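Novice: Heads up: the protein sequence lines correspond to chains A and B, in order.
For the first sequence, our numbering assigns the number 38 to the initial residue and increments by one for each residue that follows.
For the second sequence, our numbering assigns the number 6 to the initial residue and increments by one for each residue that follows.
I should point out that these hints are in silico values taken from the structure, not numbers from a laboratory.
Check the hints yourself; a few may be wrong.
[As the list claims (entries may be wrong)] Within a straight-line C-alpha distance of at most 30 Å, the following computed BS3-like cross-link-like pairs (lysine-lysine) qualify:
#: 1; chain 1: A; residue 1: Lys94; chain 2: B; residue 2: Lys74
#: 2; chain 1: A; residue 1: Lys81; chain 2: B; residue 2: Lys62
#: 3; chain 1: B; residue 1: Lys103; chain 2: B; residue 2: Lys64
#: 4; chain 1: A; residue 1: Lys46; chain 2: B; residue 2: Lys103
#: 5; chain 1: A; residue 1: Lys94; chain 2: B; residue 2: Lys68
#: 6; chain 1: A; residue 1: Lys51; chain 2: A; residue 2: Lys94
#: 7; chain 1: B; residue 1: Lys74; chain 2: A; residue 2: Lys46
#: 8; chain 1: A; residue 1: Lys51; chain 2: B; residue 2: Lys47
#: 9; chain 1: A; residue 1: Lys94; chain 2: B; residue 2: Lys47
#: 10; chain 1: A; residue 1: Lys81; chain 2: B; residue 2: Lys103
#: 11; chain 1: B; residue 1: Lys84; chain 2: B; residue 2: Lys62
#: 12; chain 1: A; residue 1: Lys46; chain 2: B; residue 2: Lys47
#: 13; chain 1: B; residue 1: Lys74; chain 2: A; residue 2: Lys81
#: 14; chain 1: A; residue 1: Lys51; chain 2: A; residue 2: Lys81
#: 15; chain 1: A; residue 1: Lys81; chain 2: B; residue 2: Lys73
#: 16; chain 1: A; residue 1: Lys94; chain 2: B; residue 2: Lys103
#: 17; chain 1: B; residue 1: Lys64; chain 2: A; residue 2: Lys81
[Unchecked claim] Heads up, incomplete: computed chain B residues facing chain A, CB under 8 Å, no partners named:
#: 18; residue: Val9
#: 19; residue: Ser33
#: 20; residue: Gly37
#: 21; residue: Phe39
#: 22; residue: Lys47
#: 23; residue: Gly48
#: 24; residue: Pro49
#: 25; residue: Thr54
#: 26; residue: Lys74
#: 27; residue: Phe77
#: 28; residue: Leu104
#: 29; residue: Gly107
Being a predicted model, the structure only gives us computed values, none of them experimental.
Glycine residues also receive a C-beta, built at the ideal position from the N, C-alpha and C atoms.
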Amino acid sequence: NAGVTQTPKFRILKIGQSMTLQCAQDMNHNYMYWYRQDPGMGLKLIYYSVGAGITDKGEVPNGYNVSRSTTEDFPLRLELAAPSQTSVYFCASSEGLLNQETQYFGPGTRLLVL
Amino acid sequence: EDQVTQSPEALRLQEGESSSLNCSYTVSGLRGLFWYRQDPGKGPEFLFTLYSAGEEKEKERLKATLTKKESFLHITAPKPEDSATYLCAVRANTGFQKLVFGTGTRLLVSP
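Isolated chain B (complex conformation) (with noise of 0.2 Å):
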């Protein structure tokens, strides 16, 4: 069965403090892994996809990382505004479109 496992559940860091967000998954062949962003009370807003193994994507002060069996979200220099719940989902490679989410990183940045 598809799973991805998110740690930690939450994360408190002090304004400009990086760090890292993991993602790790099981899937029957990996089509996709998605990043999003989720403010409280809307809905998920998408970040990155991320297609196979050493492939890396930027966006502003996150950097997404896949391996063979994990992701992980890489803040840098994080402000306040980047404060969310992050969620990460896969696509296997089995017929339908169908994302595999986990249960998300919540993030808090304080000034």
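If we strip away everything but chain A, and leave its shape as in the complex, we get (with noise of 0.2 Å):
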């Protein structure tokens, strides 16, 4: 299993360009989460998906946004990028069971908003 992929693990964008972060996750769980971590601070969720066709938002969905149309992707969708969104993202995973809660993360994606 190569657990939670995402591409690019790197990008440079300009002030209002749009960008897609990938992400796809082949251990067939349920839910799938967006974060954002910026130094110093913790990480903070964006957005997150139960299932396929279901999304909602987390502490900081401003700018951005997502979409769940298979059980393995979760793309995330940034609009008009502005400085702020500077940052490094995480996807993640988890089955979403009682007692089978443990989020896996992906490798990270570096965003550079100029």
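Fit chain to chain and form the complex, with the hints in mind.
Specialist: Spelled out as structure tokens, the structure:
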């Protein structure tokens, strides 16, 4: 199993540009998550999904959108990039069952908005 | 509001010098406490889940313990390869499986 994979690893965007961060998992997990990690801050939840076709906002959803058309994939969309979105983005997944709630993380995408 | 505080922010140890990292939490009913290891430029790697006070789990040189207010990650005779940032997170007993993360402890083990 590859686990959770993310692409790209690094990207530079200009203010106002759009991009999609890709995330895929091969563990047949129901739940998937997007976090951002900023220096000196804990991981913050952006969006999550409890299954295909079902998504909801986390703590910091402004400026982002998600979709979940399959169990495996959970892309994160930035429509109008802003410098405040410079961060490291992590995708994670979990089974979603009681006492099977451990989240497994991907390697991250570093995004720089200039 | 659910909150996680980790201390110290950074810790420097000599190889073989045992120590403990602290994770204090306030949460509306604890469903689980999670420890992760994060190496520079990589994603968090799962270490342990603890569910109830008094529970302990071990993996190689690491041992995690849990009380009603805090968790400790004990590192026995650390090696340089244990150098990493250690993250603590809690899952509250409310609806969705949201994790609240602390800011981590950066551990450096010198040979």
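Novice: Does each hint fit the structure? Answer for all of them.
Specialist: To see whether the hints hold, each was checked on the structure:
About 29 Å separates the Cα atoms of A:Lys94 and B:Lys74, which keeps this hinted pair within 30 Å; it holds. Taking the CA atoms of A:Lys81 and B:Lys62, the gap is about 26 Å. The hint holds against a cut of 30 Å. Annotation: proposed proximity of B:Lys103 to B:Lys64 holds, straight-line Cα distance about 25 Å (limit 30 Å). The hinted pair formed by A:Lys46 and B:Lys103 meets the criterion: a straight-line CA distance of about 25 Å does not exceed 30 Å.
Proximity of A:Lys94 to B:Lys68 is assessed by CA-CA distance (about 35 Å); at most 30 Å being required, the pair is judged violated. The hinted pair formed by A:Lys51 and A:Lys94 meets the criterion: a straight-line CA distance of about 25 Å does not exceed 30 Å. Between B:Lys74 and A:Lys46 the CA atoms are separated by roughly 37 Å; this puts the pair beyond 30 Å, and the hint is violated. Among the hinted pairs, A:Lys51 with B:Lys47 is consistent with the structure: their alpha-carbon atoms are about 24 Å apart, no more than 30 Å.
A distance of roughly 25 Å separates the Cα atoms of A:Lys94 and B:Lys47; the hinted pair therefore holds under the 30 Å criterion. Distance hint between A:Lys81 and B:Lys103 is fulfilled; the C-alpha atoms sit about 10 Å from each other, no more than 30 Å. For the hint linking B:Lys84 to B:Lys62, the alpha-carbon distance of about 19 Å falls within 30 Å, and the restraint holds. For the proposed pair A:Lys46 and B:Lys47, the alpha carbon gap of about 10 Å is at most 30 Å, so the pair holds.
With a CA separation close to 22 Å, the supplied pair B:Lys74 and A:Lys81 stays within the 30 Å bound. A hinted pair counts as satisfied when its Cα atoms are at most 30 Å apart, and A:Lys51 with A:Lys81 qualifies at roughly 23 Å. For the given pair, A:Lys81 sits about 24 Å from B:Lys73 by alpha-carbon distance, which is consistent with the 30 Å threshold. Only pairs whose Cα atoms come within 30 Å are accepted, and A:Lys94 paired with B:Lys103 is accepted, the gap being roughly 11 Å.
At most 30 Å may separate the alpha-carbon atoms for a hinted pair to count; B:Lys64 and A:Lys81 meet this at roughly 27 Å. The interface hint given for B:Val9 is met, as the beta carbon of that residue sits about 7 Å from the closest beta carbon of chain A, less than 8 Å. Interface hint status for B:Ser33: violated, as the beta-carbon distance to the closest one in chain A is roughly 16 Å, over 8 Å. Here the hint on B:Gly37 is kept, as its CB sits about 6 Å from the closest CB of chain A, short of 8 Å.
About 7 Å separates the beta-carbon of B:Phe39 from the nearest beta-carbon of chain A, less than 8 Å, and the hint is met. The interface hint given for B:Lys47 is met, as the beta carbon of that residue sits about 6 Å from the closest beta carbon of chain A, less than 8 Å. The interface hint given for B:Gly48 holds, since its Cβ lies 4 Å from the closest Cβ of chain A, which is under the 8 Å cut-off. The beta carbon of B:Pro49 comes within 5 Å of a beta carbon in chain A, closer than 8 Å, and the hint placing it at the interface holds.
Here the hint on B:Thr54 is kept, as its CB sits about 6 Å from the closest CB of chain A, short of 8 Å. At a threshold of 8 Å, the smallest CB-CB gap from B:Lys74 to chain A is about 18 Å, leaving the interface hint violated. The closest approach between the C-beta of B:Phe77 and any C-beta of chain A is roughly 19 Å, which is over the 8 Å cut-off, so the hint fails. Interface hint status for B:Leu104: upheld, as the beta-carbon distance to the closest one in chain A is roughly 6 Å, under 8 Å.
Contact between B:Gly107 and chain A, as hinted, is supported at the beta carbon level, the nearest pair being about 6 Å apart and thus within 8 Å.
In the structure shown, a violation is registered for the earlier hints numbered 5, 7, 19, 26, 27, in ascending order.
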